[in-house]
Amino acid sequence: MSTHLTDPINNKVKLLSVFAENKPGILAKATEALAEAHVNILWFKIVDGAGDKYGVIRFLVDNNQEGMAALKKSGFAVSTMPVLAVIADDNPGSLFRLTAALYEGNVDVRNGSGYYLNQGVVLIIETQEQEAATAILNKLGYKILTSAEVKALSNKCCCN
Amino acid sequence: MIIVKGANVYPQQIERILMETEGVGRNYLIHLQGLDEMIVKVELDANAFDGRISMLEGMQKNITDRIRAEVQVKPVVELLAPGTLPVSEGKTKRVIDNRSL
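As you go down the protein sequences, you meet chains P and X in turn. Note that our numbering has the first sequence beginning at 1, numbered continuously upward. Note that our numbering has the second sequence beginning at 1, numbered continuously upward.
FYI, nobody ran anything at the bench for these hints, they're computed from the structure. None of the values given here were measured: they were computed from a predicted structure. Check the hints yourself; a few may be wrong.
As the list claims (entries may be wrong) - Over the 10 Å line for every Cβ pair with chain P, so calculated as not near, a few chain X residues:
{"#": "1", "residue": "E20"}
{"#": "2", "residue": "D36"}
{"#": "3", "residue": "A69"}
{"#": "4", "residue": "T84"}
Claimed, not checked - Distance condition first, Cα-Cα at most 30 Å in a straight line; then the derived DSS-like pairs of lysine-lysine:
{"#": "5", "chain 1": "X", "residue 1": "K91", "chain 2": "P", "residue 2": "K23"}
{"#": "6", "chain 1": "X", "residue 1": "K93", "chain 2": "P", "residue 2": "K72"}
{"#": "7", "chain 1": "X", "residue 1": "K41", "chain 2": "P", "residue 2": "K53"}
{"#": "8", "chain 1": "P", "residue 1": "K29", "chain 2": "X", "residue 2": "K74"}
Just so you know, even glycine gets a beta-carbon here, dropped at the ideal spot from N, CA and C.
Make the full structure from the sequences, and use the hints.
Dropping the structure here:
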């Protein structure tokens, strides 16, 4: 019962997921809200909805709570989405090895992306089967980042 | 009452469906345009959004299907961000008719 400080649930990496009408200035408005709250964006992606009328903007930021509050204050509908942030090698076959392992373990990857960081790659993986995916990747020796680690790595990167 | 594509449509019918739909806000607007096109604009409830596109698409399809079944006219349902639609004092204008019939 004394493990609350290292609660694995609270330490999971989550993306901010923002509903966005497809009209000029929305991305600028959302990023302005984050900028004014001094929230650092580590990665972002726009997901198109059907019919080109709206989409969802996903942000990986260094401070979810403040980012969420800032976006809500600007009138956005925001939610958080748990993802796995996995460190992978930056070489041919790296993504294949990882996805093949997930496939063999019957893990369905809903969404995936990544960004380059300190000669490695951080893969952002969205799946319904987080626990199964975590077990598979841990077994293969992949490093799955906590939210604190994502933040720490980003700070290190910014100072270079 | 409005007449769209030869069918009688009461805005209250559409309002009832929207109010019964989880995840939409209280504000809506029926926009008639073009030859005889009915666009139903509805705001997303800020607290109901779960972050997934599939939720939005499901909500849009559900509203479209229910309105079509109710009034016999297939609408174009547009989801808007919370607080987008104008809030007017007193009696809110729910129907805007810009048809070029």
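Evaluated hints:
1. For E20(X), the shortest C-beta to C-beta distance to chain P comes to about 20 Å, beyond the 10 Å cut-off, and the non-interface label holds.
2. The claim that D36(X) is not at the interface with chain P holds, since no C-beta of that chain comes within 10 Å of its own (minimum 20 Å).
3. Distance check for A69(X) against chain P: the nearest CB is about 20 Å away, which clears 10 Å, and the non-interface claim stands.
4. Some Cβ of chain P comes within 10 Å of the Cβ of T84(X); the nearest lies about 7 Å off, and the non-interface call is violated.
5. Proposed proximity of K91(X) and K23(P) is supported: the alpha carbons are some 29 Å apart, at most 30 Å.
6. Note on K93(X) and K72(P): the hinted pairing holds, with a Cα-Cα distance of about 27 Å set against a maximum of 30 Å.
7. Distance hint between K41(X) and K53(P) is fulfilled; the C-alpha atoms sit about 11 Å from each other, no more than 30 Å.
8. For the suggested pair K29(P) and K74(X), the alpha carbons sit about 33 Å apart, so the restraint of at most 30 Å is broken.
The structure fails to meet hints 4, 8 from the earlier list, while all remaining hints are met.
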